[in-house]
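One-letter residues, chain by chain:
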Amino acid sequence: MRMPLHRKVLIYLAILLVLIFFLGPIYWFWALSLRSPTSAFASPPEFFFEPTLNAFIYTFVNPGVNRPQLVSSLIVASGATLLNLPFSVTAAYALSRFRMRAKQFLMMWYISLLMAPPIVFLIPYFILMSSLKLRGTYPSMIIIAQTITIPFSIWLLKSFFDEVPIDIEEAAQVDGASWHQALTRITLPLALPGIIVTSMFAFVFTWNNVIFPLVLSNQSTATLPVGTLNYFATTGATWNFIAATAVVTMLPPMIIFLVLGRYIVRGLTFGAVKG
Amino acid sequence: MAGRLSSRRNLPYLLVLPSILGLLALIIYPIGFSLVNSFRQWNLQTSPVPLGFVGFLNYQMVFQTTPFLDSLRNTLILSVAGTFIEFWFGMGIALLLATQLKGTNAVRALLIMPTTIAPIVAGFLFRYMYYEKGGLLTWLLTQVGFPVPPQGLLGSSTTALASIALADIWQWTPFFAIVLYAGLLSIPEDIKEAAIVDGATGLRMFAWITLPSISRTAIIVVMIRFMQLFNMFDLVLVLTRGGPGTASRTLSYNLYQEGLVNYNIGVAAAMTWLIVIIVTILINVYARVAFRGWEW
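Note that the protein sequences, when read in sequence, are chains A and B.
Reminder that position 204 of the first sequence reads as 287 in our numbering, one-by-one numbering, no gaps.
Reminder that position 265 of the second sequence reads as 322 in our numbering, one-by-one numbering, no gaps.
Derived from the structure by calculation, the hints contain no laboratory data.
Treat each hint with caution, since some may be false.
Quick list of in silico lysine-lysine cross-link-like pairs, DSS-like style, CA-CA up to 27 Å [said to hold, decoys possible]:
no., chain 1, residue 1, chain 2, residue 2
1, B, K249, A, K91
2, A, K91, B, K159
3, A, K357, B, K249
4, B, K159, A, K357
5, A, K186, A, K357
In this text the structure is predicted, and so the values were computed from the model without any measurement.
Work out the full structure, taking the sequences as your base and the hints as a guide.
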């Protein structure tokens, strides 16, 4: 069906407005990270200014106040992603492949954990980790992140296992392979893209999480968002530093989502919408 | 053979067991801890260990000494209004994209960017734009004649909650747009054509064909998003800290304030239980509707 030209123009115009509304704030904050402190709060706002890399240099190079936090964020997000895999891959495989009477109940249980407010787990953990002298360590943050990553990964991974035809696996078993040979040699390699996609989402969710490290980290294990929050406690013009650290915090999830492409819908809906 | 069969029957349960045990280990402690301490007097500022049992006093204190009902009201307003606006705004964008004009794929990839960033970072973006002097949004609103309160958008009790909602709408409308767009594309062409032959156009087409065809997807995303909004914490922390007064305090933030700022562990534990009960009811009602007839 051909569309009249004026209608096309109207639609493009509407899409342009939508893009300005949703990308404008991101652009404005990236611009802030390149401004001088005097330009940051100029009134009226300055749309043209002379960019400087000073904020990035201060936060990540010299003295690099926020560089250790970048490392902490990487450790916590990678650790939580890796720890979650053995738990979620096995469970998702079982829930996809076998008839189980408790299946619906289990799936509901996982998703309700996923949708519970994280803060209810946090206060008891704060006391527990304090008394075990584990508060401020990476393991404390990596372990509590599993309350989100494990149920999430089980849901998403199950949707990927569901798409690997069970016939291939059965054929292998008829040929004399045991169930774990069929799993490791046939199903897992076929489900590998799904496992990678799931890991990327688990990484982003942990990377973007602030409430657990806010309470469980200390000065030397603080993650990037917590380090950025600390700037609000100091007085003076630190917004350029906030913007520089925030830009660095934004980049990995943005790049990962660009790579994820058509899997975005599925991941954000825990595999419930195939997309 | 019998042994082999039975081991095979137990196999799926053996495979899910690690995740069940792991998660139980993670949640039984918090739940038990909250249950026991909700009946004990314990403020970390005055004592490192719990003091005596106080019956249901902590539950009473939740309502008397913390703005629990105000927080509940704010949370409900935020969740209902936020989900509603994000859904319909997202639906509008999805319909624009569904015209499939050139460049739609690039637009889709760019549009999702707000959803990818950490909620706390979205909070930084908006706090900067809300700034009273020189903040972009404050300036723009003043230019178009909107009466920005002198304390700023975040400092006034009439605009604080709406300002939090706007930041969330900005971040999550693309989520609805992208998911609903995927739903729109999956409607079979012949259904649409049959409807057109039957004379359905515009709004009728949307209400009778389009909306019912994607209702399943819509219900699931609404459920997910409603619960995420119900648990709202990050934006409150960075934008208003629940203020001014209790104007923008949410349930999660109220619990954080009582437990990890005031260190009233006993009262916080009682509140945890009240929140767990509310959330359990909500999730059960929703999940029953969203996953009705679902093939597990």
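Comparing the hints with the structure gives:
| no. | hint | in the structure |
| --- | --- | --- |
| 1 | B/K249 - A/K91 | 21 Å, holds |
| 2 | A/K91 - B/K159 | 10 Å, holds |
| 3 | A/K357 - B/K249 | 21 Å, holds |
| 4 | B/K159 - A/K357 | 24 Å, holds |
| 5 | A/K186 - A/K357 | 20 Å, holds |
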